[in-house]
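Keeping their order, the protein sequence lines are chains U and P.
According to the numbering used here, the first sequence is numbered sequentially starting from 1.
According to the numbering used here, the second sequence is numbered sequentially starting from 1.
What the hints contain is simulated information worked out from the structure, not anything from laboratory work.
Don't be surprised by glycine CBs; every beta carbon is placed ideally from N, CA and C.
A few of these clues could be false.
[Said to hold, decoys possible] As a list, the in silico BS3-like pairs of lysine-lysine whose alpha-carbon atoms are at most 30 Å apart:
| # | chain 1 | residue 1 | chain 2 | residue 2 |
| --- | --- | --- | --- | --- |
| 1 | U | Lys49 | U | Lys99 |
| 2 | U | Lys99 | P | Lys80 |
| 3 | P | Lys79 | U | Lys99 |
| 4 | U | Lys69 | U | Lys99 |
[As the list claims (entries may be wrong)] Short, incomplete list of chain U residues facing chain P, as computed with Cβ under 7 Å:
| # | residue |
| --- | --- |
| 5 | Tyr32 |
| 6 | Gly43 |
| 7 | Leu44 |
| 8 | Thr51 |
| 9 | Arg94 |
| 10 | Asn98 |
| 11 | Lys99 |
| 12 | Leu100 |
| 13 | Phe102 |
| 14 | Gly104 |
| 15 | Gly105 |
[As the list claims (entries may be wrong)] Derived Cβ-Cβ restraints for the label pairs, each shown as a range:
| # | chain 1 | residue 1 | chain 2 | residue 2 | range |
| --- | --- | --- | --- | --- | --- |
| 16 | U | His82 | P | Gln70 | 40 to 46 Å |
| 17 | U | Ala96 | P | Pro61 | 17 to 23 Å |
| 18 | P | Ala9 | U | Glu71 | 36 to 42 Å |
| 19 | U | Glu15 | P | Pro8 | 34 to 40 Å |
| 20 | U | Thr55 | P | Lys80 | 45 to 51 Å |
| 21 | U | Gly16 | P | Pro61 | 46 to 52 Å |
| 22 | P | Ser77 | U | His82 | 37 to 43 Å |
| 23 | U | Thr52 | P | Gln13 | 43 to 49 Å |
| 24 | P | Thr3 | U | Thr55 | 28 to 34 Å |
| 25 | P | Gly27 | U | Ile60 | 17 to 23 Å |
| 26 | U | Leu109 | P | Gly54 | 43 to 49 Å |
| 27 | U | Thr55 | P | Gly27 | 28 to 34 Å |
Next come the chains, spelled out residue by residue.
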Amino acid sequence: AQSVTQLGSHVSVSEGALVLLRCNYSSSVPPYLFWYVQYPNQGLQLLLKYTTGATLVKGINGFEAEFKKSETSFHLTKPSAHMSDAAEYFCAVRAAGNKLTFGGGTRVLVKP
Amino acid sequence: SQTIHQWPATLVQPVGSPLSLECTVEGTSNPNLYWYRQAAGRGLQLLFYSVGIGQISSEVPQNLSASRPQDRQFILSSKKLLLSDSGFYLCAWGQLTGNTIYFGEGSWLTVV
Chain U
1 AQSVTQLGSH VSVSEGALVL LRCNYSSSVP PYLFWYVQYP NQGLQLLLKY TTGATLVKGI
61 NGFEAEFKKS ETSFHLTKPS AHMSDAAEYF CAVRAAGNKL TFGGGTRVLV KP
Chain P
1 SQTIHQWPAT LVQPVGSPLS LECTVEGTSN PNLYWYRQAA GRGLQLLFYS VGIGQISSEV
61 PQNLSASRPQ DRQFILSSKK LLLSDSGFYL CAWGQLTGNT IYFGEGSWLT VV
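Here chain U stands alone, though its shape is the one from the complex (with noise of 0.2 Å):
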């Protein structure tokens, strides 16, 4: 079974700053990882994916994040934060069946 976990439910950034959201999976199969970004009474909008290949991913909006498989974990950063970076962030592993695992998302707050 796959299982994603997120640290951090809340995180607090001054703008510049970089942020870097955590996200460690389990999965029985090789794994396929997402980033999705929501903004408020919004839809999921995807960030970015590894699925094969290259293990540093970049993503819309100067998003990027590593697949590590000896540290089962898929870390999202940008290097300098901006307001419009204020949303909850969900990591995910593709299950059995196309179906997602998402794990419980991390708030980002962006001070100014």
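Dock chain P against chain U, hints included.
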């Protein structure tokens, strides 16, 4: 390009009343379809999953049901709503051979 729509966006219903949330996908055929629920503080929970017309898998026992009367239409229903059914409901789609799931805008349900 593919699009997904769900409605209504917001719904306030009394306890014991019926529910119908609709979701349609355009620009693709034979998609996998999903209903997720996002309850406060509980992350995203997969409710139903469908790989084709009339084929519904229920992921958790609950007061809800789903139907897929047409290839690109997915309906979430209840005969009698409970207070615990309140939450943000998200429809999503993915390709059978793909690895990414795309979400609709979501529907807020408040049971009073």
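Right, here's what the structure says about each hint:
no., hint, verdict
1, Lys49(U) / Lys99(U), "holds, 14 Å"
2, Lys99(U) / Lys80(P), "holds, 28 Å"
3, Lys79(P) / Lys99(U), "holds, 27 Å"
4, Lys69(U) / Lys99(U), "holds, 21 Å"
5, Tyr32, "holds, 5 Å"
6, Gly43, "holds, 4 Å"
7, Leu44, "holds, 4 Å"
8, Thr51, "holds, 6 Å"
9, Arg94, "holds, 6 Å"
10, Asn98, "holds, 5 Å"
11, Lys99, "holds, 6 Å"
12, Leu100, "holds, 5 Å"
13, Phe102, "holds, 4 Å"
14, Gly104, "holds, 4 Å"
15, Gly105, "holds, 6 Å"
16, His82(U) / Gln70(P): 40 to 46 Å, "holds, 41 Å"
17, Ala96(U) / Pro61(P): 17 to 23 Å, "holds, 20 Å"
18, Ala9(P) / Glu71(U): 36 to 42 Å, "holds, 40 Å"
19, Glu15(U) / Pro8(P): 34 to 40 Å, "holds, 36 Å"
20, Thr55(U) / Lys80(P): 45 to 51 Å, "holds, 49 Å"
21, Gly16(U) / Pro61(P): 46 to 52 Å, "holds, 48 Å"
22, Ser77(P) / His82(U): 37 to 43 Å, "holds, 41 Å"
23, Thr52(U) / Gln13(P): 43 to 49 Å, "holds, 45 Å"
24, Thr3(P) / Thr55(U): 28 to 34 Å, "holds, 32 Å"
25, Gly27(P) / Ile60(U): 17 to 23 Å, "holds, 20 Å"
26, Leu109(U) / Gly54(P): 43 to 49 Å, "holds, 45 Å"
27, Thr55(U) / Gly27(P): 28 to 34 Å, "holds, 32 Å"
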